[in-house]
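**Q** This is what each chain is made of:
2 protein chains.
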Amino acid sequence: MKAIVNVSLKTGVLDSQGKAVHHALDSLHFSGVNDVRVGKQIVLQLDTEDKTQAMSDVQKMCEELLANTVIEDYEIELV
Amino acid sequence: MKAIVNVSLKTGVLDSQGKAVHHALDSLHFSGVNDVRVGKQIVLQLDTEDKTQAMSDVQKMCEELLANTVIEDYEIELV
Numbered sequence: 001m002k003a004i005v006n007v008s009l010k011t012g013v014l015d016s017q018g019k020a021v022h023h024a025l026d027s028l029h030f031s032g033v034n035d036v037r038v039g040k041q042i043v044l045q046l047d048t049e050d051k052t053q054a055m056s057d058v059q060k061m062c063e064e065l066l067a068n069t070v071i072e073d074y075e076i077e078l079v
Numbered sequence: 001m002k003a004i005v006n007v008s009l010k011t012g013v014l015d016s017q018g019k020a021v022h023h024a025l026d027s028l029h030f031s032g033v034n035d036v037r038v039g040k041q042i043v044l045q046l047d048t049e050d051k052t053q054a055m056s057d058v059q060k061m062c063e064e065l066l067a068n069t070v071i072e073d074y075e076i077e078l079v
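Line order of the protein sequences matches chains A and B.
Note that the UniProt record's numbering gives residue 10 to position 10 of the first sequence, counting from 1, and the numbers run on in steps of one.
Note that the UniProt record's numbering gives residue 56 to position 56 of the second sequence, counting from 1, and the numbers run on in steps of one.
Be a bit skeptical, because a hint or two may be false.
Claimed, not checked - With a straight-line Cα cutoff of 20 Å, these simulated EDC-like cross-link-like pairs (lysine to aspartate or glutamate) come out:
no.	chain 1	residue 1	chain 2	residue 2
1	A	K2	B	E63
2	A	K10	A	D26
3	B	K19	A	D50
Said to hold, decoys possible - Not everything, but these chain B residues come out facing chain A in the computed CB check (under 10 Å):
no.	residue
4	G18
5	V21
6	V33
7	I42
8	D47
9	Q53
10	M61
11	L66
12	T69
13	V70
14	V79
Said to hold, decoys possible - What the simulated footprint calls covered on chain B by chain A, stretch by stretch (three residues with Cβ under 8 Å from a Cβ of chain A suffice, anywhere in the stretch; the number is not a length):
no.	stretch
15	22-30
16	71-78
Everything labelled a hint here was simulated from the structure, so no lab data went into it.
All C-beta atoms, glycine included, are put in the ideal place defined by N, C-alpha and C.
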């Protein structure tokens, strides 16, 4: 089973990478972009085929390692 | 309209960040993980509501700035 974890900065937390990308897009004359946020996408290949088990494991991984829950949110999708 | 761009390393390209995360998960006694790949998720807030226009714009942004197409693949989702 594959788990896709999207980690993004919480609303209100300054996203300097996003700001830099936004600025670079402006410099390249891409208008019509109002905001850019940059996050991480982590794809985990898991042994288990048990969805409940996988979700609980990946949640623990996020809390302990993959996300800094003080400033980041995470979303888990199992496929 | 919002565009979500997922940028990931092509298959076969060494993902050192993924390897590091995999190793760290092992150290934390998370077994049952076979592979980890780390990519970027870029969320763009666009002015336009025209899906065709948005897709073509974001594709250009990916080719010119957001992805290094030599080693990276990208996927665009409009929401």
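**Q** Compare the structure with the hints numbered earlier in the document and write down the numbers of the violated ones, lowest to highest.
**A** Hints 1, 2, 3, 12, 13, 14, 16 contradicted; others consistent.
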